[in-house]
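S.K.: Residue strings, one per chain:
Number of protein chains: 2
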Amino acid sequence: MKQVTLKQIAENLGISITTVSKALKNYPDVSKKTKALVKEEAKKLQYKPNVFAVNLRTKQSKTVGLIIPEVVHHFFSSVINGIIEQAEKKGYLVIILQSNESYKLEKKQIDLLISKRVDGIMISLASTTVDISHLQEVQSLDIPLVMFDKISKLIPCSKIVIDDRKAAYDATKHLIDSGCKRIAHFRGALLPQNSIDRFLGYKKALEDHGLTYDPSLVYICENVNYEEGREAAERLLKEHNDVDGIFTITDLVAVGAIAVFNERGVKVPDDISIMGFSNWFVSQAITPSLSTIDQPGYEMGKRTFKQLYKEMKAKKEGAPLPPKIKTLDTFVIKRNSTK
Amino acid sequence: MKQVTLKQIAENLGISITTVSKALKNYPDVSKKTKALVKEEAKKLQYKPNVFAVNLRTKQSKTVGLIIPEVVHHFFSSVINGIIEQAEKKGYLVIILQSNESYKLEKKQIDLLISKRVDGIMISLASTTVDISHLQEVQSLDIPLVMFDKISKLIPCSKIVIDDRKAAYDATKHLIDSGCKRIAHFRGALLPQNSIDRFLGYKKALEDHGLTYDPSLVYICENVNYEEGREAAERLLKEHNDVDGIFTITDLVAVGAIAVFNERGVKVPDDISIMGFSNWFVSQAITPSLSTIDQPGYEMGKRTFKQLYKEMKAKKEGAPLPPKIKTLDTFVIKRNSTK
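In the order they appear, the protein sequences are chains S and V.
Just so you know, we're using our numbering here: the first sequence kicks off at 1 and counts up by one.
Just so you know, we're using our numbering here: the second sequence kicks off at 1 and counts up by one.
One chain only, chain S, in its complex shape (with noise of 0.2 Å):
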């Protein structure tokens, strides 16, 4: 069976395409009679409107991209989930592009949307991003952006963050709060805005507190994961059996982490105490559960699509808005691998 058209329901009825297309519109210069007879043809025949002429004639695609590091992250995930339910609630739908955390793939997928003329773009950038003038062409083509998350403070966009700064002073003086002395951290690559902001707000916490900032306890994780979790604390055993706290950039390296502690029988957290960040639900799961900085995705998420909601409405009525930075609240979870 093909898909039905207007002139189809036009020659069953044995009236024009013009009459067809107004009563399905509900025009007043069709009378109801005529009306009714179409609807019916059009629901016996499953008709469905074509959306792409409808969308030459509006202008609008009622489609949304969204450009994401990575799906298979408890984090990004719930970003995700938070966006495509507030989508749906409003009748669009959402593209998911993943870059894997590449400048390139990223930028080609910005051209990718663009073309396809979505109403709107969702995006947190790749780690690797540094260069900003895909996310330039979008605004110069009064494409609706808003960033999320991992953001660049050059585009003058409206962002949903936290704030990574006060989340990792937050984490790290609650290490300090419960007696731990000589904290380390483990933190991320050297360019992503997160990665910097967590990094200073450790070092902001132990200097408020007295504490020294030793260069040397901070490791670096390149990739964020359970297997860097686990070197980086084989390493530490190595090098610095004097460290008795943690501050993980993320739960996922924490998770590392305590593996290679519980399997070297070193206490967690009498030996070593250990903060992680985002609130995954491993870390809930494992022995000892983890404490941790509670990360909102799914608020993030639904946020980030209202705020796009918002721009498309008003640049579509002629009154666009200005951008606005929405930070989220975060807060300390404590659990058992901390005093």
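Please note: incorrect hints may appear among the correct ones.
Copies of the same chain look alike in the list, so a pair counts if it fits in one copy or across any two.
As the list claims (entries may be wrong) - Once the Cα atoms are required to be at most 30 Å apart in a straight line, the calculated DSBU-like pairs of lysine-lysine come out as:
| # | residue 1 | residue 2 |
| --- | --- | --- |
| 1 | Lys90 | Lys108 |
| 2 | Lys315 | Lys62 |
| 3 | Lys310 | Lys25 |
| 4 | Lys43 | Lys339 |
What the hints contain is simulated information worked out from the structure, not anything from laboratory work.
Given the structure of chain S, go ahead and fit chain V onto it with the hints provided.
M.R.: Relative to the frame of chain S, chain V by itself:
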């Protein structure tokens, strides 16, 4: 800056829109010189073809739809990953919709994708889907359809699945081989095919190995989550303290059960052995680490898109393919929750 049209290029160069359009498409009746001029101007103005207009012409949207019960789920997010990576390679965009295990929402989403004129649809059914008329409609419209994981045997389309019954049989046999004599099953709801098949695999393995099937040892976890795993474990400890093995429908349920046993001082695997299903990341991170069945999510996603792509191509060429059922291999992963 507005999006650039053919008209603007034509006006800037003082030639007709038709010539511009032909030049951009490399028509032979336009001179090389004009083509070069047009292309240069198009590049200068950052012209991007309007895909809606292109789509109307070619009747291809280069967009496919994916309906999935849950996004925040290790297995499904792995499937999404496999699908969008493969789609990227072939220049397709993926619209992702989440049914939240609701038949009503799933039906609405199918309608939405049809009205968007996607070139193909991929779906894993909601647990509550019994009526399949919405999928019959997809087929009656000749839209290529591929089902994966949670499928309906009543729809004659291609399917990418695992053999749930065999995988559950293998999981139960692993418990039997390790010495378990009285094995409980924490199953899912009564309707979904994979819940039924895993239960049947469990039952068959008991019967084939001379163990009595006891219905009172089968606990239902409707929502297949951590909390229900905890609850079932609590009930099991009260009702059947002679059980020495449990096969759970999924890792999340097993993780809940292990948490209860750890809290109550029940030793895993010495007192009770536990087998999960899916091989989520969490299964390697908990203590003791969870023996489980590897369920190849990424591979399933990759194969699902590949099959859909073949069928979209075949349809375009006017030579539709017969449906194909592909069963992916699963295998037992032995960790520390079984002897």
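S.K.: Which hint numbers does the structure go against, in order from smallest to largest?
M.R.: Hint 4 alone not satisfied by this model.
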